[in-house]
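Colleague: So the sequences go chain by chain: A and B.
Position 109 (the first sequence) corresponds to 109 in my numbering; numbering is contiguous.
Position 10 (the second sequence) corresponds to 10 in my numbering; numbering is contiguous.
In case anyone wonders, no lab produced these hints; they're calculated from the structure.
Be careful, since some hints might not be right.
Derived lysine-lysine pairs resembling DSS-like cross-links, with alpha carbons at most 30 Å apart [unchecked claim]:
{"#": "1", "chain 1": "A", "residue 1": "K36", "chain 2": "B", "residue 2": "K57"}
{"#": "2", "chain 1": "B", "residue 1": "K71", "chain 2": "A", "residue 2": "K38"}
{"#": "3", "chain 1": "A", "residue 1": "K36", "chain 2": "B", "residue 2": "K17"}
{"#": "4", "chain 1": "B", "residue 1": "K71", "chain 2": "A", "residue 2": "K56"}
{"#": "5", "chain 1": "B", "residue 1": "K65", "chain 2": "A", "residue 2": "K36"}
{"#": "6", "chain 1": "B", "residue 1": "K69", "chain 2": "A", "residue 2": "K98"}
{"#": "7", "chain 1": "A", "residue 1": "K64", "chain 2": "B", "residue 2": "K71"}
{"#": "8", "chain 1": "A", "residue 1": "K17", "chain 2": "A", "residue 2": "K56"}
{"#": "9", "chain 1": "A", "residue 1": "K38", "chain 2": "A", "residue 2": "K98"}
{"#": "10", "chain 1": "A", "residue 1": "K38", "chain 2": "B", "residue 2": "K57"}
{"#": "11", "chain 1": "B", "residue 1": "K18", "chain 2": "A", "residue 2": "K106"}
{"#": "12", "chain 1": "B", "residue 1": "K65", "chain 2": "A", "residue 2": "K60"}
{"#": "13", "chain 1": "A", "residue 1": "K38", "chain 2": "B", "residue 2": "K65"}
{"#": "14", "chain 1": "A", "residue 1": "K60", "chain 2": "A", "residue 2": "K36"}
{"#": "15", "chain 1": "A", "residue 1": "K38", "chain 2": "A", "residue 2": "K56"}
{"#": "16", "chain 1": "B", "residue 1": "K57", "chain 2": "A", "residue 2": "K27"}
{"#": "17", "chain 1": "A", "residue 1": "K17", "chain 2": "A", "residue 2": "K64"}
{"#": "18", "chain 1": "B", "residue 1": "K71", "chain 2": "B", "residue 2": "K18"}
{"#": "19", "chain 1": "B", "residue 1": "K57", "chain 2": "A", "residue 2": "K98"}
Sample of chain B residues facing chain A (criterion: CB under 8 Å; computed from the structure) [unchecked claim]:
{"#": "20", "residue": "G42"}
{"#": "21", "residue": "P75"}
{"#": "22", "residue": "P83"}
{"#": "23", "residue": "F107"}
{"#": "24", "residue": "T114"}
{"#": "25", "residue": "V115"}
Ideal placement from N, C-alpha and C gives every residue a C-beta, glycine not left out.
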Amino acid sequence: SQELEQSPQSLIVQEGKNLTINCTSSKTLYGLYWYKQKYGEGLIFLMMLQKGGEEKSHEKITAKLDEKKQQSSLHITASQPSHAGIYLCGADSGGYQKVTFGTGTKLQVIP
Amino acid sequence: EAQVTQNPRYLITVTGKKLTVTCSQNMNHEYMSWYRQDPGLGLRQIYYSMNVEVTDKGDVPEGYKVSRKEKRNFPLILESPSPNQTSLYFCASSLLLAGPSYNEQFFGPGTRLTVL
């Protein structure tokens with residue numbers, strides 16, 4: 001079965017600093033999804049990547065899928081306290097709406 | 001407002017006492033799913049439904065039941081809860097596109113369940 005490993009597991013950064021979260025798959029990724037979870041709340045969809053080398057941005061968050069489609073990175077520029085939360089990557093496991101999630105990266109942004 | 005609602009948000013119960021967690025969506029989505037989230041294990045799928053009266057097991061279905069009698073509702077039933085079912089539960093819904101694919105899932109706010 002597909003396994004997703006996220007690194008780091010947790011991250012504390014000073015406000016204004018850039019940061020990167022990685023998601024590595026044991027198999028080729030046919031679809032990679034990034035979600036953000038605020039503490040104690042549900043998940044919010046950030047973006048989806050499907051093609052090798054694809055890159056998408058939303059506000060100060062940029063996600064990339066490598067050419068080999070086995071790793072994705074999420075980059076936050078000039079972090080703000082509003083970026084704090086848990087970031088999860090999810091991968092298409094095949095079939096209808098079947099997705100496997102990584103264990104998440106907990107981000108804290110210190111003012 | 002388009003949303004997925006879950007009730008209750010917090011629940012403390014005792015072993016063996018049947019409980020139901022409700023989930024409702026107002027977006028006319030065909031697909032609905034239940035997940036549990038545990039530290040170090042991430043989000044794992046319990047059951048999912050592709051439409052009314054169509055349900056199937058996810059990765060961790062043992063000890064749970066679901067039903068889909070109406071399109072908007074997808075309750076999660078624990079017939080005899082045990083302490084290992086203490087977890088944070090999420091309901092999600094999405095449109096179902098033709099063919100194997102993935103579409104953005106909308107998640108409810110979560111239900112924190114403690115079984116003593």
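Colleague: If you check each hint against the structure, which ones fail?
Modeller: 3, 4, 7, 11, 12, 21, 22, 24, 25
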